[in-house]
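In the order they appear, the protein sequences are chains A and B. Residues -3 to 110 in our numbering are what the first sequence lists, from first letter to last. Residues 230 to 343 in our numbering are what the second sequence lists, from first letter to last.
Just so you know, these hints were derived from the structure itself, not from any lab. Take these hints with a grain of salt, some might be off.
[Stated by the list, open to error] Facing chain A, according to a computed beta carbon distance under 8 Å, are these residues of chain B, among others: (1) K271; (2) L273; (3) L275; (4) A330; (5) F333; (6) S335.
[As the list claims (entries may be wrong)] Simulated restraints on C-beta separations: (7) Q342/B with G59/A: 17 to 27 Å; (8) E244/B with E52/A: 19 to 29 Å; (9) L275/B with G36/A: 22 to 32 Å; (10) S61/A with A282/B: 19 to 29 Å; (11) E58/A with A283/B: 39 to 49 Å; (12) E293/B with E75/A: 38 to 48 Å; (13) T301/B with G38/A: 30 to 40 Å; (14) D94/A with G245/B: 29 to 39 Å; (15) S3/A with Q274/B: 18 to 28 Å; (16) S61/A with S299/B: 37 to 47 Å; (17) T284/B with E13/A: 48 to 58 Å.
[As the list claims (entries may be wrong)] Reference excerpt, derived from the structure (chain B facing chain A, CB under 10 Å, subset only): (18) P247; (19) F263; (20) K278; (21) Y279; (22) A283; (23) T284; (24) F296; (25) S299; (26) V321; (27) T323; (28) R329.
Just so we're clear, the structure is a prediction, and the values are computed from it rather than from any experiment. Even glycine gets a Cβ: it sits at the ideal position worked out from N, Cα and C.
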Amino acid sequence: DVKVTQSSRYLVKRTGEKVFLECVQDMDHENMFWYRQDPGLGLRLIYFSYDVKMKEKGDIPEGYSVSREKKERFSLILESASTNQTSMYLCASRTLDDYNSPLHFGNGTRLTVT
Amino acid sequence: AQSVTQLDSHVSVSEGTPVLLRCNYSSSYSPSLFWYVQHPNKGLQLLLKYTSAATLVKGINGFEAEFKKSETSFHLTKPSAHMSDAAEYFCVVTPDTGRRALTFGSGTRLQVQP
């Protein structure tokens, strides 16, 4: 079974702090994604990557950056956390070997910025 | 480009009655389609997937979905709802290339009344 692991389940940070959310997958997947989920807004794509060192902006990249130095790890960075970034963050991965392959999700990180 | 519309944001059923969650899609190619379920404070779990092998797809927990190309629909059904089915459900369509992200519907919250 594919395992996508997000390093923290709950995180509390202060406004202005630099925040790192880490995601690791164990199945050699090419595609990795970061979403945020807020009540009434569904899942919104922040960034995704289709290869090491490659990244693409999603629908709401402002205030975020990402890093993919190794294939198995995709990090989301909040350069200067703000209260409007309080949210549930979900990481996912997918292989590109099979066009029909689904996304595999981590359990999420609930971030609170105070 | 592709799009997904989940026609109901909330559905409420009584335990033991049938469930119908509706999903329409549009696409310029032949996509794969998925249904995911999310229980409170959890990540998303794959319920089932359509990959053009069969139009009626069976998933976990007694759910199934029928792909209807003429109606561009992929509705999720279950003959008899259980209290544990209360969750949020997402319909998802694959892109035409691995360099694009999957497209999510806005979600349907299923309530199951005792």
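Hints versus structure:
1. With 8 Å as the threshold, the beta carbon of K271/B comes within range of chain A, its nearest partner Cβ sitting at about 6 Å, so the hint holds.
2. A distance limit of 8 Å between C-beta atoms decides the matter here; for L273/B the minimum to chain A is near 4 Å, and the interface restraint holds.
3. Residue-level restraint check for L275/B holds (minimum Cβ-Cβ distance to chain A is 5 Å; threshold 8 Å).
4. Interface hint status for A330/B: upheld, as the beta-carbon distance to the closest one in chain A is roughly 5 Å, under 8 Å.
5. Because the beta carbon of F333/B sits about 5 Å from the nearest beta carbon in chain A, less than 8 Å, this interface hint is met.
6. A hinted interface residue such as S335/B counts as satisfied when its beta carbon comes closer than 8 Å to some beta carbon of chain A; here the least separation is about 5 Å, so the hint holds.
7. The hinted window of 17 to 27 Å between Q342/B and G59/A is violated, with their beta carbons roughly 40 Å apart.
8. At roughly 43 Å, the beta-carbon separation of E244/B and E52/A lies outside the given 19 to 29 Å, and the hint is violated.
9. Evaluation of the 22 to 32 Å hint for L275/B and G36/A yields a pass: the beta carbon distance comes to about 24 Å.
10. Checking the proposed 19 to 29 Å range against S61/A and A282/B shows it is violated: the Cβ atoms sit about 40 Å from each other.
11. Between E58/A and A283/B the C-beta distance comes to about 42 Å, which sits within the given range of 39 to 49 Å.
12. Between E293/B and E75/A, the C-beta spacing of about 45 Å keeps the proposed range 38 to 48 Å intact.
13. Taken as a hint, the range 30 to 40 Å is violated for the pair T301/B and G38/A, whose Cβ atoms sit roughly 20 Å apart.
14. Distance hint for D94/A and G245/B: a CB-CB separation of about 38 Å, consistent with the stated range 29 to 39 Å.
15. Between S3/A and Q274/B the beta carbon distance is about 20 Å. The supplied range of 18 to 28 Å therefore holds.
16. Range check, S61/A to S299/B: Cβ separation about 44 Å, and the 37 to 47 Å hint holds.
17. Taken as a hint, the range 48 to 58 Å holds for the pair T284/B and E13/A, whose Cβ atoms sit roughly 50 Å apart.
18. A least Cβ separation of about 25 Å between P247/B and chain A goes past the 10 Å threshold, and the interface hint is therefore violated.
19. Hint status for F263/B relative to chain A: holds, with the closest Cβ pair at about 5 Å, below 10 Å.
20. For the restraint placing K278/B at the interface with chain A, the shortest Cβ-Cβ distance is roughly 6 Å, inside the 10 Å limit, so the hint holds.
21. The beta carbon of Y279/B comes within 9 Å of a beta carbon in chain A, closer than 10 Å, and the hint placing it at the interface holds.
22. The interface hint given for A283/B is broken, as the beta carbon of that residue sits about 12 Å from the closest beta carbon of chain A, more than 10 Å.
23. Evaluation of the T284/B hint against chain A yields a violated restraint, the C-beta minimum of about 15 Å exceeding 10 Å.
24. Against a cut-off of 10 Å between C-beta atoms, the interface hint on F296/B is violated, since the closest Cβ of chain A lies about 13 Å away.
25. Of the supplied interface hints, the one on S299/B is violated, with its beta-carbon coming no nearer than about 21 Å to a beta-carbon of chain A, more than 10 Å.
26. The criterion of a C-beta within 10 Å of any C-beta in chain A is met by V321/B, whose closest approach is roughly 7 Å, and the hint holds.
27. At about 7 Å, the closest approach between the beta carbon of T323/B and any beta carbon in chain A falls short of 10 Å, and the interface hint on this residue holds.
28. Annotation: R329/B was flagged as interfacial toward chain A, and the flag holds, the nearest CB pair being 8 Å apart, inside 10 Å.
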